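Peer 1: Use the sequences and the hints to build the structure in full.
Using the numbering used here, you'd call the opening residue of the first sequence number 71 and step up by one each time.
Simulated from the structure, these hints should not be mistaken for lab results.
Wrong hints could be hidden among the right ones.
Calculated lysine-lysine pairs in the DSSO-like style (CA-CA distance at most 30 Å, straight line) [what the hints assert, rightly or not]:
(1) K88 - K169
(2) K360 - K316
(3) K138 - K78
(4) K217 - K241
(5) K212 - K138
(6) K392 - K404
(7) K186 - K88
(8) K188 - K96
(9) K76 - K107
(10) K88 - K76
(11) K112 - K88
(12) K494 - K427
(13) K404 - K238
Each pair of labels, with its calculated beta carbon distance range [as the list claims (entries may be wrong)]:
(14) V260 - E435: 36 to 46 Å
(15) K138 - G190: 18 to 28 Å
(16) K257 - G215: 33 to 43 Å
(17) E562 - Y412: 42 to 52 Å
(18) K112 - K88: 33 to 43 Å
(19) N123 - L567: 46 to 56 Å
(20) S203 - I566: 36 to 46 Å
(21) K219 - V119: 36 to 46 Å
(22) G371 - E120: 44 to 54 Å
(23) K188 - P208: 25 to 35 Å
(24) P460 - G502: 23 to 33 Å
These numbers come from a predicted model, not from an experiment.
Beta carbons are placed, not taken as given, at the ideal position from N, Cα and C, and that holds for glycine.
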Amino acid sequence: MDDLRKIKIAEVEELRLKGYNPYPYKFEKTHSNREIKEKYSKLENGQTVEEDNVNVAGRVMTIRYHGKSSFFVLKDSEDRLQIYINQNAVGKERYELFKEHIKIGDFVGVKGFPFKSKTGEVTVFTKDIEILSKAIRPMPEKWHGIKDKEIIYKQRYVDMIANDASIKNFKIRFEIIKAIREFLWQKGFVEVETPVLHHLTGGASARPFVTHLNVYDINMYLRIALELYLKRYIVGGFEKIFEIGKCFRNEGISYKHNPEFTMIEIYQAYADYNDMMDLTEEMISYVVKKVLNTEKIVYQGVEIDFSRPWKRIKMRDFIAEKLGVDILEDPEEKLIQVLEKYDSVPEIKDRGHLIEKLWDLVEDEIVQPTFLMDYPVEISPLAKRHREDPRVTERFEPIIFGREIGNAFSELNDPVDQLQRFLKQQELRNMGDEEAQMLDLDFVRALEYGMPPTGGLGIGIDRIAMFLTDSPSIRDIIPFPTTKPDEEVAKEYEDILNVNKT
RNA sequence: GGGCCGUUAGCUCAAUAGGUAGAGCAACUGAUUCUUAAUCAGUAGGCUGCAGGUUCGAUUCCUGCACGGCCCA
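Peer 2: Below you can see the structure in the form of structure tokens.
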């Protein structure tokens with residue numbers, strides 16, 4: 071155990087002996103820091119409002135001592151507020167308490183009245199002060215904050231204490247989710263829930279996490295997508311539904327990928343993928359405007375304009391334009407030739423995988439919000455065949471800054487075709503493609519009871535949050551990203567753990 | 001999985017053609033009743049990520065490992 075902690079723990083005991091509770095139960099907070107700042111912003115410099123009693127509370131961030139008077143700064147969930155305290159006003163006993171035992175990092179409650187300092191800062195004049203919680207760890211550096219990524223990700227609470235920008239990013243994230251809910255509720259969608267534990271995974275191409283259900287002694291998977299259960303709702307009679315929830319993919323971690331991430335999926339009966347394109351651009355531009363009060367953002371130095379309408383282009387046309395190859399008509403040998411030039415021939419060389427690789431070569435060239443339409447049937451096992459060309463499906467992905475932010479189709483509701491598609495996926499699995507989808511016979515059976523024509527849409531919430539916060543890494547907008555376990559923390563408590571053993 | 005970079009005080013960072021580690025903030029002791037990165041004087045704080053190697057001597061050079069970051073698959 072480290073010395074500073076020992077001293078602080080001793081101080082906590084000392085406070086108790088002196089009759090103060092270092093961890094009291096409650097404080098009657100009447101105003102947030104922001105409310106104080108807004109309400110009293112128009113005071114003249116030096117003007118006081120002694121008749122207004124305000125109770126504020128928060129964490130002490132800095133203290134500026136001046137002998138028998140001091141200024142300090144309280145941080146609450148919204149803002150920072152300056153507090154003034156002097157011995158004449160609070161009495162010697164309270165001022166001694168402040169000077170000796172209220173330190174940076176502690177939570178305090180202040181009762182007083184507002185005034186504006188000579189230099190023009192809205193400040194609360196302390197009439198009474200109490201400790202609300204003693205911190206026994208040193209706070210990070212007050213000016214530079216925390217820069218060590220390991221601390222930032224593994225001890226996010228420290229990052230949030232020190233770096234106001236992190237809190238701001240998380241607030242934007244949660245406002246995005248709130249705006250999506252608002253939008254969909256206004257449109258008459260019902261928010262539903264589906265299981266996280268699945269007997270089979272489906273709805274996406276990804277490796278799942280495996281877990282064990284003791285009571286049935288069976289392995290189960292954490293969901294990789296919401297899709298197949300949401301469609302069961304549509305079979306059952308729901309017409310407009312959505313779910314926002316965590317999905318889990320047991321794959322690499324990168325600036326774009328976290329093993330658990332947040333998806334929204336939306337299903338609308340009697341709609342097709344054209345309707346879903348309209349819904350997507352309407353919803354996303356609504357959210358961007360609601361959260362940032364503009365439709366144009368700058369992401370990593372590039373301006374992105376979310377205003378409607380978004381561009382709509384066919385995958386076949388786009389790849390033909392960029393690579394001079396027709397993904398539907400040209401023989402597979404020609405596709406391979408092109409891929410060889412870029413040294414990215416896939417292991418499994420069927421047309422679907424070849425096309426996917428070709429697309430990977432050019433996706434960076436789409437920057438502004440664009441719907442890339444009509445994916446080949448081989449790589450779209452849950453999408454309905456195109457009404458004009460059965461080699462492709464009525465599927466699109468919204469692309470922004472070269473990244474897929476979602477996936478949508480006219481949902482496949484022909485149970486016989488669906489079973490065939492699943493069997494194709496089985497073949498791929500047998501060929502070693504661990505990401506191919508599992509055969510979900512109960513889902514086929516559900517479709518056999520009849521699912522109305524349906525448009526479906528999934529969007530990665532994390533990716534949207536990255537754009538709206540200008541974050542280069544997904545870890546910057548996931549409050550507690552997946553990390554390796556923190557071995558250091560056990561070392562910090564080694565003494566105590568060893569003492570308890572003996 | 002491969003390549004490159006990093007790891008020094010609680011935090012943010014210095015340093016050395018190999019010669020026993022410094023600053024600011026935080027902490028501690030004083031001074032200071034309108035400051036705001038307050039100021040001034042002083043004190044304390046380090047197995048330089050871990051384990052080996054080379055050397056009279058390693059924080060510095062070499063190897064391996066751990067953790068992190070960036071790029072690639």
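Peer 1: Does each hint fit the structure? Answer for all of them.
Peer 2: Against the structure, the hints come out as follows:
1. K88 - K169: This hinted pair holds, its Cα atoms lying about 15 Å apart.
2. K360 - K316: 23 Å, holds
3. K138 - K78: 24 Å, holds
4. K217 - K241: 20 Å, holds
5. K212 - K138: Roughly 24 Å between the alpha carbons, so the hint for K212 and K138 holds.
6. K392 - K404: With a Cα-Cα distance of about 15 Å, the restraint between K392 and K404 holds, given a limit of 30 Å.
7. K186 - K88: With Cα atoms ~34 Å apart, K186 and K88 exceed 30 Å; violated.
8. K188 - K96: Distance of about 33 Å is beyond 30 Å: violated.
9. K76 - K107: Between K76 and K107 the Cα gap is close to 38 Å, so the pair fails against 30 Å, i.e. violated.
10. K88 - K76: 18 Å, holds
11. K112 - K88: Measuring from Cα to Cα gives roughly 41 Å; hence the hint is violated.
12. K494 - K427: Answer holds: K494 to K427 is near 19 Å, not above 30 Å.
13. K404 - K238: 50 Å, violated
14. V260 - E435: 36 to 46 Å: Given range 36 to 46 Å: holds, Cβ gap about 38 Å.
15. K138 - G190: 18 to 28 Å: The hinted range 18 to 28 Å holds for K138 and G190, with Cβ atoms some 23 Å apart.
16. K257 - G215: 33 to 43 Å: 41 Å, holds
17. E562 - Y412: 42 to 52 Å: Hint holds: Cβ distance 50 Å, inside 42 to 52 Å.
18. K112 - K88: 33 to 43 Å: Given range 33 to 43 Å: holds, Cβ gap about 41 Å.
19. N123 - L567: 46 to 56 Å: Distance hint for N123, L567 holds at roughly 48 Å.
20. S203 - I566: 36 to 46 Å: This hint is violated: roughly 21 Å between Cβ atoms.
21. K219 - V119: 36 to 46 Å: About 45 Å separates the Cβ atoms of K219 and V119, which means 36 to 46 Å holds.
22. G371 - E120: 44 to 54 Å: 51 Å, holds
23. K188 - P208: 25 to 35 Å: Roughly 32 Å apart at Cβ, these two residues keep to the hinted range, so it holds.
24. P460 - G502: 23 to 33 Å: Roughly 28 Å apart at Cβ, these two residues keep to the hinted range, so it holds.
In terms of the numbered hints stated before, the structure departs from hints 7, 8, 9, 11, 13 and 20, listed from lowest to highest.
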